[in-house]
Structure formats: structure tokens, C-alpha cells
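If you're matching them up, the sequences are chains A and B in order.
Just so you know, we're using our numbering here: the first sequence kicks off at 1 and counts up by one.
Just so you know, we're using our numbering here: the second sequence kicks off at 1 and counts up by one.
A hint or two may mislead.
Claimed, not checked - Partial pick of chain A residues on the chain B-facing surface, computed with a CB cut under 8 Å:
id	residue
1	I276
2	I278
3	N281
4	L283
None of these hints come from the bench; they were simulated from the model.
Quick reminder that beta carbons are idealized off the backbone N, C-alpha and C, glycines included.
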Amino acid sequence: MEISKESFSTIVSKATLVQIITITLTYLSPFLIAYFTGGFWIKEKTFTEQAEVKFQYRFIALLEGETNTYISSSYESINQIYSNEYRPSVRTITELDTNEDGINDLLELSIFISGIPIDTITNIKLILLFNSTLSAYSKLKLESLAYLESYNAKKSSELNFDGEIQFVQREKLREKITYNGYSYQLLNESNIDLEALNLDKIMRDYNSREYSTRLITDFVSWKNTLAEGFRINAHIRYAPFTISYVPAFWEQFKWGWIQYICSLIPFIYVFKRIKIFIFENQLVPTISMNITQKLKSS
Amino acid sequence: MGLKSVQNGLVPTRFMCMLAHMVMLISLLIRRNEYVGSCDTVLYQNVNLLNNQFIIGLSISIGILAIELVTFITGITLFNTFQSLISTFLHSSAAISLSIMVFFKWCSVDFWYIFGFCSCIPFIFEIIFLIGIWLFKRTIN
């Protein structure tokens, strides 16, 4: 049978010192271990989400030949401003859900711009506008933009390209915040003036956003078709967005707690054995008595 | 009292911890170039100075430890339980941290923390006990 003993001493004594040192070492060491092995709190985590990307059916195409420049866009006002350079276009747009998860992930786009002489185009700038919505962690609505610029030494009349829309973030997402500041329209359709139509300014404004998307082109090819007009064929994939975020308080606390308790248990055991050894062998002067003795005396 | 400290293993433990500390110090002294060489060369540009400092630190701790071993073995502080406790705790920590220093190739400047906490403190306590015994005629326990 185990006899429980209690040790007594005055407040200022070696026994008190031993108690203070063992308690500090027991409860402080797990913190030190956690801090020096990659930090106590988790500052950043990532997750992947298939965002809902929707093509807005809005585009601006700027075609440049050696002498002429042509514009075709879905904005009525732009077409009116550049009425000399404007050429009408026919668009075929299909958005597909190839992996059948309910969210579109492939855009097949074909734009045919008529009224352009055979094989005269060497340079193209294409802006496509999308709406992207993230909703798994916090709500983020983006007006996102895909920009393609391509140059060819040979005069051509058809462009094929494959690309992927990727998410670019300069700030970590925070929990349960609805981000509305990124859903404004880059080009206000009803009120376009010449100053707002500066491509440099549009791109700079867009790229200085904290959250945006980029078009990464895997492959671009130019062709001669010996036909009038210019044709753009595009396959654009909506890749799952990899988003890094700051974990909320309870998520951080959970992992901190697990780390702390896991490394605390061995320390408690070891220091308990040490304390028992010290007090049982009277290494520091204490008055030791059994519980039964204590009861009798009181 | 004396027999009890041998029975509960305090005296052999203290002896083992001090010897482990001594072994670590001597092995560091022999292969000190590795630890001087792993210092940040931008912060510490004078390697010779570092080497000399490291030799001095190691020699002083070996000397201090030797004095402690002598007072321990001759029996002056052999049966002093509190001194045994401090000595065991700090010298075992020193041996563990020095072995970590060997494993992770610490810079030789980091040795001074170990020197301060694990060599000087037990030596100061030892001196206090010696003074108490010789000048103020305290008992050996």
C-alpha cells in the first residue's frame, strides 16, 4: 500500500526554491520547445478551391499590322470612339464543366473579326474580362482580367492559344470577411471617355490590386489561312485557386494547445519523479509526515 | 547521512555528471576548429581571436571543474546534499547542452552561456560552502 506523505517547510527555504525551479521548468520548457521548432502559432495556411469563374462576354481586341491598327470590342462606346479602326466580330463562346463538379472549368472561345485584309496582322493585344467568386473561407468577388499580348514576325491571320487562369494574391485572406472592393468594373460601359481608355493605366490599376488573376499561356501559335479576316481560337482553363490565409483564433489555439500539451506531459512526469526523489531523500531540509499523523495531530 | 547519500545514488550521479561534463569539455578542446569555423563570418571576422577566446573559456571551465572534483573526491562537499543537488542538475545540463553543441555545430561564442550557467554557478556555490566550512566552522553536511 502506498503511504502518501507531505513535506512542510517555511516560506523562504531551499524547498521553496526547488519547488519554484521545478514548476517553472515544467511549464516553460514546452513553450521553448514549441517556439524553437518552427513557432508556436500557425501564421499561414493554404487551401485549394475551384473558384466560380464566369466569362463576362466582354473583350477588347487590338490588332496591329505594319501600317494599320484595328479594334474590335464588345463595348459599344469604344467601337464608336474608334469608328475608323473598328471591325465587327462574331464570337462563339462555350463554357464547359469537364470534371463534372458543377463548376465550369474550361472556356472555348472563338472570335472572328471580319474586314481585315489577308495576312496583315503581326501583333495582338487581347483583354478578356471574367467574374471570379471564392466562397469557401471568406467571400471574395473579383472582376478578373486575362491579358494576352503576342507578337509574330510573320504576317498571319489566325491565332491559337492555350492558357490557364491563375490566382495571384499579395495579402493573405482573413476569416469571415466579405471582400467587396474588387468587384468594381475596370471599364464602366456607360461612361467611357478617352482618358479612361489608357491601356497602361487599366493594366497598372488591375495589377496593383491585392487579389487578381493572371492568364498564363502555355502555348501560342500563329497561322496563315489565306482568308480574309482574323480568327482567334482560345482554350482557357480555370485552374483551382491555391489560397493562403491567416488561420482564425480557434484554429491557431487548437494547434498551439496540442503542441503544448504533447510536450508538457513528459516534462510533468520527469519533474514529478525528480521532486519525489528530492523530498523523499531529504536533499533539502523539510519536515515530512504521513497523512495519518497529520490527522491525529489536528 | 553519508551512507544514505551513497545508497540513494546521489553521490555516484554527481560524480558521473561531472565526469560527463569533463569529457565533453576535453573533446571540444581537441576539435575546437569545427566550432570556431561554424561562426558567422560577417559578424565575427577575427577567427584567431575567436579561437583564443574559445581555448580560454574551455581551459577555465576545465580548471573550475577540476577544483570541484577535488573538493568532491576529498570529501569536503561529498555529503552536502544541497550542493550535490545543484551540482548534479547543472553539470548534467552542461553535458546535455554541450552534446547538442556537438550535434548541431554551434558557434563557439554560444559556449559562453553554458560556461556562465553550468560552470560558474556550481563553482560559486562550491566556494561559498568551502568558506562556510573553513572560516565559519559549519558542519560538512
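Hint check results:
1. I276: violated, 12 Å
2. I278: holds, 7 Å
3. N281: holds, 5 Å
4. L283: holds, 4 Å
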